[in-house]
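**Q** Order-wise, the sequence lines are chains A and B.
My numbering puts the first sequence at residues 102 to 378.
My numbering puts the second sequence at residues 712 to 983.
In case anyone wonders, no lab produced these hints; they're calculated from the structure.
All figures in this text were calculated on a predicted structure; none of them were measured in a lab.
Backbone N, C-alpha and C define an ideal beta-carbon position, used for all residues, glycine too.
Any given hint could be a false lead.
As the list claims (entries may be wrong) - Output of the computed footprint for chain A on chain B, the stretches with three or more beta carbons under 8 Å from beta carbons of chain A:
{"#": "1", "stretch": "804 to 814"}
{"#": "2", "stretch": "823 to 835"}
What the hints assert, rightly or not - Simulated restraints on C-beta separations:
{"#": "3", "chain 1": "B", "residue 1": "His829", "chain 2": "A", "residue 2": "Thr306", "range": "30 to 36 Å"}
{"#": "4", "chain 1": "B", "residue 1": "Ala852", "chain 2": "A", "residue 2": "Pro304", "range": "52 to 58 Å"}
{"#": "5", "chain 1": "B", "residue 1": "Thr909", "chain 2": "A", "residue 2": "Gly319", "range": "50 to 56 Å"}
{"#": "6", "chain 1": "B", "residue 1": "Thr909", "chain 2": "A", "residue 2": "Ala305", "range": "18 to 24 Å"}
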Amino acid sequence: MTPEPIFATKDVASVFARQTLLDRDLVRQPARPVVRLLPWLNVITLGGRSIIDRGVETVKPVVDELREAMSEHRMLILTGPGVRARHVLGVGLDLGLPTGVLASLMATEAEQNGHLIAALLAEQGVSYLAHGTVARQLAVHLSASPAAVSNGFPPYGIYEFPPPVGKIPLHRTDAGAFLLADAYGAARTIYVKDVDGVYTADPATAGDEQPELLPRVGAAELLATDIKTLPIDPIVLELMATAKHVKEIQVVNGHTPGNITKALAGEHVGTIIHGGG
Amino acid sequence: MEDAGTTGGLESMLMDRSLSDPELLAMSGTAPDYAILPKVSVLKIGGQSVIDRGRAAVYPIVEELGEIKRTYPMLIGTGAGTRARHAYGLASELGLPTGVLTDVGAAVAGQNASMLGHLMARYGVPVVGDSAFAAVALYIAEAGAAIFAGMPPYDMWQHVPEEGVIPPYRTDAGCFLVAEVFGARQMIYVKDEDGLYTANPKTDKNATLIPEITVDELIERDLPDLVLERPVLGLMRSARHIKSVQIINGLRPGLISRALRGEHVGTIITAA
């Protein structure tokens, strides 16, 4: 039934006016190539459990390497939450709290790790930036200093999706870093972890047969395998399918000195996961 | 406690396993679901469908909500509408990414929340900002309702759509997720159509109303146009609290109150 004429709308003329934004043919229409907002940006993610929780022996050389790299590269360093997030997740689940609340609680831990890393680089002009600042003032911050640190978790908070299985939030550090890198059209997206890359099986739990390192692998291919645990959250592999700019991500071992520097220089260390075919 | 064993198992798995481990994920699903605001209904007032129509559409809704909020406490989310469409068109022409469009869309939903807030001020209803959800229980206890901007705060972290750059998770999704996280009583979408049709009733004369349908049926039918953002269907499949939503025509007086009472007055979409 059509509404009475008294309800005339006050439209602004535009290509999408009066439509639901859900008609596939219409939404397709005005698409243009998407601009890379910060084509020189390197997004470097430091794992919570795999790097930061390991303490001074691991963190110091990684931070030293990042400090070195600041003379040549502009970087947004993102941090994961690590073991404290596991703890708060356990308490929150036990209390019956929903996924959105759990996501907010975990994100706080990633933020705290960000403050730690930023403090270690403060002398070189590095600051911790909150989500809003990363979304709107990253350009000016990276003009003032070659590097900044932020929370790897995306600002989903209570708006986190209910996951298809269980209650653990899906959009964690890996997904947050990926979505942000793609929105900015970053040059490189590097995940610093505690393994040399993606293996044919989880090296931590593999039996006699030695798993092999995959130097280069497709995201879709990796999703199709039944490797039980990957060094990267599987949702990133799904997100790669629609990404506009980030067609490759690199997983490197931060426990091996020099790897971060090499990855920033475009060298093939670790595993490169690519989005295309 | 009888599930102490389960919790113990979960806690050790949380320490040892990857957070993507299938067994851990399954185990996390055995945790209880505590509904935070089980008596509160979440209403979404459409941007283009309601607020852009001005006082002819909005005043009667404001009055109706002002009356009924004491009986049915509610959170009222706002859509974005025609200005967001203008900005999306402009920004996508300029080649800007989805994240930038999300931010712009959020601002428009915010304007609509602000306007609705001024109109509902006489009923004591406040607008809650981004981080003010912590105080929402108090607002609802005191005023019976609170208004929020429906756009989720995904900003530069919004998912990228398969085609184009329009943010896939907009105000329908944002309001749904608010209802889900608070374990709300129900989710009602107030639009300008009697519910879901087989095609867009504004452009297709042969479109017929579908009073009731499941998410699976809806996905299977793959309608070319839809009254509700498609990703909401995916969220509904995974939701633990909100298993159905109702879409109603806010231009018909009294329907909001009837829907709040639990009557079937529009289209009800149920998960599974």
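**Q** Each hint needs a verdict: does it hold in this structure or not?
**A** The hints, checked one at a time:
{"no.": "1", "hint": "804 to 814", "result": "holds (count 9)"}
{"no.": "2", "hint": "823 to 835", "result": "violated (count 0)"}
{"no.": "3", "hint": "B:His829 with A:Thr306: 30 to 36 Å", "result": "59 Å, violated"}
{"no.": "4", "hint": "B:Ala852 with A:Pro304: 52 to 58 Å", "result": "54 Å, holds"}
{"no.": "5", "hint": "B:Thr909 with A:Gly319: 50 to 56 Å", "result": "39 Å, violated"}
{"no.": "6", "hint": "B:Thr909 with A:Ala305: 18 to 24 Å", "result": "53 Å, violated"}
Going down the numbered hints, you'll see the structure goes against 2, 3, 5, 6, while the others check out.
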